[in-house]
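The lines below spell out each chain.
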Amino acid sequence: MLNTVTKSAVIGSGTMGVGIAQVLIHGGIPTVLYDLSEEQARKAKETLIKRFSRLVEKGKMSEVEKDKALGRLQVTTDIRQVYRVGVIIEAVPENIEMKQSIFKELEENCPDDTLFATNTSSLSVTEIAGVLKRPSRLAGLHFFNPAPLMPLVEIIKGTDTSKETIHLLQQFVTQIGKTAVICQDTPGFIVNRIARPFYNEALRIEKDNIASVEKIDRILKIIGGFKMGPFELQDLIGIDVNFATTKTVHNSFYGESRFRPQYQQERMVQAKRLGRKTGGGFYRYESS
Amino acid sequence: MNPVNILIMGNNRLASSLSECWQLNNYHVVHHLENMEKVNFVIETENLDKETKQMQLGDIEKSISKDTPILTTTLGWSATEVASWLMYPERVIGFAAFDNVKDAPGIEAVLPLQGKESYLLYVTEQFKQIGKEVIEVDEDEPGLVYPRILSMIVNEAAYALMEQTASARDIDRAMKLGTNYPAGPLEWAAEIGIDNVYAVLQGLYQHLGEERYRPASLIKKLVYANWIGHATKKDFYYFEKRKNKEFTKM
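Protein chains in written order, with the working numbering: chain A, 17 to 304; chain B, 673 to 922.
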């Protein structure tokens with residue numbers, strides 16, 4: 017196939033970085049996983065070895081396939097190792113200066129045709145690309161957590177992203193076995209924006225005592241056909257994570273009232289009732 | 673034949689979908705104000721036009737006894753407001769359902785402030801006979817729970833489409849694959865009736881007076897054009913296609 021990416025790199029070995037690297041090496045693409053910290057990089061490699069071993073145990077992959085996939089992985093703390101690949105995916109924490117300085121450095125050292133992608137979920141792709149001499153080569157590539165399981169990738173077109181960049185990234189996403197959707201550089205992109213009312217309006221309905229947490233979840237599952245209710249799902253995602261996303265989208269739309277957060281959510285965060293991870297959120301969970 | 677007679681009023685898909693539910697279970701359903709003394713309960717379904725709903729309910733009330741239960745859709749108004757139009761408001765029960773009610777395992781219902789529980793219990797029992805659960809919601813607001821939340825999701829998707837944030841197909845695909853929704857919001861709206869989504873949003877917008885509920889102008893225009901999905905075969909996708917050009921900002 018024309019334009020097939022033969023090598024890629026992931027910058028940052030946090031949850032998303034490791035998940036994306038897993039998708040890439042599983043999808044047949046030799047990948048350099050870079051992290052600033054030696055310790056982090058080592059842990060990332062161990063995590064990936066464990067995950068692939070588990071896939072073998074579960075019978076989802078053969079020993080040979082596992083060895084092949086892990087053979088495609090190169091973990092490094094030497095940034096120069098990422099300079100000669102087709103696509104570089106940045107997955108560092110959501111800090112605009114950090115992201116900008118990484119891409120600036122990459123632009124100075126990579127060939128002109130290297131594609132740059134950021135896995136940001138809340139920052140403007142256009143702003144990140146703003147520091148580049150050639151912003152046309154950068155787009156958003158928004159993977160969902162957990163990346164190996166979630167089939168969707170949002171490709172975000174910044175103001176100066178070229179059609180060619182979008183086209184090549186579309187092919188790349190297909191190559192790694194995911195489904196791509198294309199989205200303009202707008203707050204929350206598609207999913208995080210349109211899913212807001214599922215949580216936000218449920219919270220409002222609960223606040224106004226129209227129905228209880230349990231009843232709202234039950235109605236949406238039984239009558240609405242949703243697999244999980246909005247409160248169960250907030251408990252699973254983490255109420256703090258969900259609240260942070262709502263606040264970001266609300267602010268990025270200049271306080272548009274459709275996205276206005278509800279105070280109950282903030283109270284839960286203040287009380288450290290964050291959901292399953294703290295043993296309680298909107299529901300209580302027995303610790304095992 | 674079941675001895676219970678039901679009067680179902682309203683010229684819309686919800687009324688025909690509901691009629692089918694009862695007829696399949698051998699209930700006798702009538703659609704005109706005749707032989708009224710034999711009607712055991714009434715289902716009234718106007719969602720869009722307030723005057724039509726008021727007139728319809730007025731005509732119904734003139735033709736039935738004062739203690740016949742009236743189940744009325746409250747997508748666009750609170751049950752309390754609808755009850756306030758009647759001479760005998762205590763027999764009013766608000767309910768929320770969409771055009772695909774035939775396939776739904778239940779409906780939501782609510783008592784208006786003026787309502788009496790015994791009427792709700794009677795209707796709940798009747799729905800149970802046809803295998804549908806009536807879930808009682810605690811407080812009465814337009815659109816109750818599921819229609820309100822889904823309509824807000826559809827509204828956001830409609831804004832995103834209007835603004836050309838993404839194509840209709842990508843919006844639907846993203847929501848199914850990115851958050852595991854059973855259907856994409858734009859295709860879902862066509863299934864449940866885009867006019868019903870508009871009724872909920874407009875109802876909340878007027879009742880609560882909050883900007884938050886303002887219907888996307890695209891939804892409003894689709895309702896004016898009668899591109900309300902399903903049988904009309906015209907919906908958000910039709911709107912996007914009829915522009916007859918590539919997704920322009922791509």
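A few of these clues could be false.
The calculated lysine-lysine pairs, modelled on BS3-like cross-linking and capped at a C-alpha distance of 25 Å, are [said to hold, decoys possible]:
| # | chain 1 | residue 1 | chain 2 | residue 2 |
| --- | --- | --- | --- | --- |
| 1 | A | K237 | B | K722 |
| 2 | A | K120 | A | K82 |
| 3 | A | K263 | B | K848 |
With beta-carbon atoms standing in for the labels, derived distance ranges [claimed, not checked]:
| # | chain 1 | residue 1 | chain 2 | residue 2 | range |
| --- | --- | --- | --- | --- | --- |
| 4 | B | Q878 | A | G75 | 39 to 45 Å |
| 5 | A | K237 | B | Y896 | 43 to 49 Å |
| 6 | B | Y896 | A | V72 | 58 to 64 Å |
| 7 | A | G271 | B | P675 | 55 to 61 Å |
| 8 | B | S688 | A | G271 | 55 to 61 Å |
| 9 | A | R292 | B | E723 | 21 to 27 Å |
| 10 | A | K293 | B | Y896 | 43 to 49 Å |
| 11 | B | N772 | A | E230 | 31 to 37 Å |
| 12 | B | G803 | A | G146 | 42 to 48 Å |
| 13 | B | H879 | A | Y301 | 35 to 41 Å |
| 14 | B | Q695 | A | T63 | 40 to 46 Å |
| 15 | B | E805 | A | G271 | 26 to 32 Å |
No wet-lab data here; the hints were simulated from the structure.
Note that the Cβ used here is the ideal one computed from N, Cα and C, for glycine as well.
Against the structure, the hints come out as follows:
no., hint, verdict
1, A:K237 / B:K722, "31 Å, violated"
2, A:K120 / A:K82, "35 Å, violated"
3, A:K263 / B:K848, "23 Å, holds"
4, B:Q878 / A:G75: 39 to 45 Å, "58 Å, violated"
5, A:K237 / B:Y896: 43 to 49 Å, "34 Å, violated"
6, B:Y896 / A:V72: 58 to 64 Å, "59 Å, holds"
7, A:G271 / B:P675: 55 to 61 Å, "58 Å, holds"
8, B:S688 / A:G271: 55 to 61 Å, "43 Å, violated"
9, A:R292 / B:E723: 21 to 27 Å, "50 Å, violated"
10, A:K293 / B:Y896: 43 to 49 Å, "48 Å, holds"
11, B:N772 / A:E230: 31 to 37 Å, "25 Å, violated"
12, B:G803 / A:G146: 42 to 48 Å, "59 Å, violated"
13, B:H879 / A:Y301: 35 to 41 Å, "37 Å, holds"
14, B:Q695 / A:T63: 40 to 46 Å, "59 Å, violated"
15, B:E805 / A:G271: 26 to 32 Å, "40 Å, violated"
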